[in-house]
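Asks: So that you can map any letter, position 81 of the sequence shown is 81 in the UniProt record's numbering, and since no number is skipped, the others follow by simple counting.
Some hints could be false.
Below 30 Å or equal to it, Euclidean Cα-Cα: the simulated BS3-like pairs (lysine-lysine) are [claimed, not checked]: (1) K156 to K95; (2) K39 to K95; (3) K177 to K16; (4) K156 to K39; (5) K16 to K106; (6) K156 to K185; (7) K39 to K51; (8) K63 to K39; (9) K16 to K95; (10) K16 to K97; (11) K63 to K185.
Hints are computed from structural coordinates only; laboratory data are not their basis.
Keep in mind the model is a prediction, meaning the values are calculated, not measured.
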Amino acid sequence: MGKHEQGPFTLAYFTKGALAGGICCGVTHGALTPVDVVKTRIQLEPTVYNKGMISGFRQIIAKEGVAALATGFGPTAVGYFVQGWFKFGGVEFFKVKAAQALGDEKAWQYRLPIYLGAAAGAEFIADIFLCPLEATRIRLVSNPGFASGLFSAFPKIIAQDGVIKGFYSGFGPILFKQIPYTMAKF
Numbered sequence: 001m002g003k004h005e006q007g008p009f010t011l012a013y014f015t016k017g018a019l020a021g022g023i024c025c026g027v028t029h030g031a032l033t034p035v036d037v038v039k040t041r042i043q044l045e046p047t048v049y050n051k052g053m054i055s056g057f058r059q060i061i062a063k064e065g066v067a068a069l070a071t072g073f074g075p076t077a078v079g080y081f082v083q084g085w086f087k088f089g090g091v092e093f094f095k096v097k098a099a100q101a102l103g104d105e106k107a108w109q110y111r112l113p114i115y116l117g118a119a120a121g122a123e124f125i126a127d128i129f130l131c132p133l134e135a136t137r138i139r140l141v142s143n144p145g146f147a148s149g150l151f152s153a154f155p156k157i158i159a160q161d162g163v164i165k166g167f168y169s170g171f172g173p174i175l176f177k178q179i180p181y182t183m184a185k186f
């Protein structure tokens with residue numbers, strides 16, 4: 001069997017798309033961790049951090065040092081790498097498989113529902129993997145003394161709240177935010 005007898009949609013094709021999505025999402029979300037730290041603190045303590053983002057940066061640096069702005073970097077970068085992997089790889093996989101199942105003519109006719117369905121399905125799966133890491137990030141940012149990072153926070157969250165409550169209590173809100181966003185993006 002030749003390399004392209006089943007078309008160009010090989011495991012390598014989907015893996016490259018997933019890897020590109022993972023790298024892009026992990027890098028961009030990771031790079032914006034300081035902004036997320038300030039935003040989360042403003043949301044949690046609006047009476048303390050009440051003069052905007054720039055002032056929030058200054059307050060955190062003065063009170064906790066510049067390293068505090070990297071709080072939650074690990075779960076953010078890892079979480080969004082995994083989420084990007086499943087989102088971008090999943091959208092492409094579901095899109096191609098739906099088009100192959102329908103055939104060229106029907107796939108073209110129903111391309112919008114295919115794209116929307118592929119995006120929704122991929123994001124749902126991606127969020128299953130993102131949610132525990134996002135919960136960990138929020139716990140680290142909202143309570144800086146909780147743990148030193150991702151690997152020390154995971155067992156503490158499980159011990160305190162269990163897997164479902166500790167990692168998935170925010171699953172519904174994440175879905176309501178991420179699925180429409182991803183459907184619009186793709």
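Asks: The structure should be examined with respect to each hint, and the outcome stated for every one.
Replies: Verification of the supplied hints:
Straight-line distance between C-alpha atoms of K156 and K95 comes to about 39 Å, which puts the hinted pair past the 30 Å bound. The straight-line distance between the Cα atoms of K39 and K95 is roughly 35 Å, outside the 30 Å bound, and the hint therefore fails. Distance restraint check for K177 and K16: the Cα-Cα separation of roughly 26 Å lies within the 30 Å cut-off, and the hinted pair is therefore satisfied. For the proposed pair K156 and K39, the alpha carbon gap of about 24 Å is at most 30 Å, so the pair holds.
A C-alpha spacing of about 27 Å is found between K16 and K106, which places the hinted pair at or below 30 Å, so the restraint holds. For the suggested pair K156 and K185, the alpha carbons sit about 36 Å apart, so the restraint of at most 30 Å is broken. With a C-alpha separation of about 12 Å, the suggested pair K39 and K51 falls inside the 30 Å cut-off, and the hint holds. Distance check on the hinted pair: K63 and K39 sit about 16 Å apart at the alpha-carbon level, within 30 Å; holds.
Only pairs whose Cα atoms come within 30 Å are accepted, and K16 paired with K95 is accepted, the gap being roughly 15 Å. Distance check on the hinted pair: K16 and K97 sit about 17 Å apart at the alpha-carbon level, within 30 Å; holds. Our distance criterion of 30 Å between C-alpha atoms is broken by K63 and K185, whose separation comes to about 39 Å.
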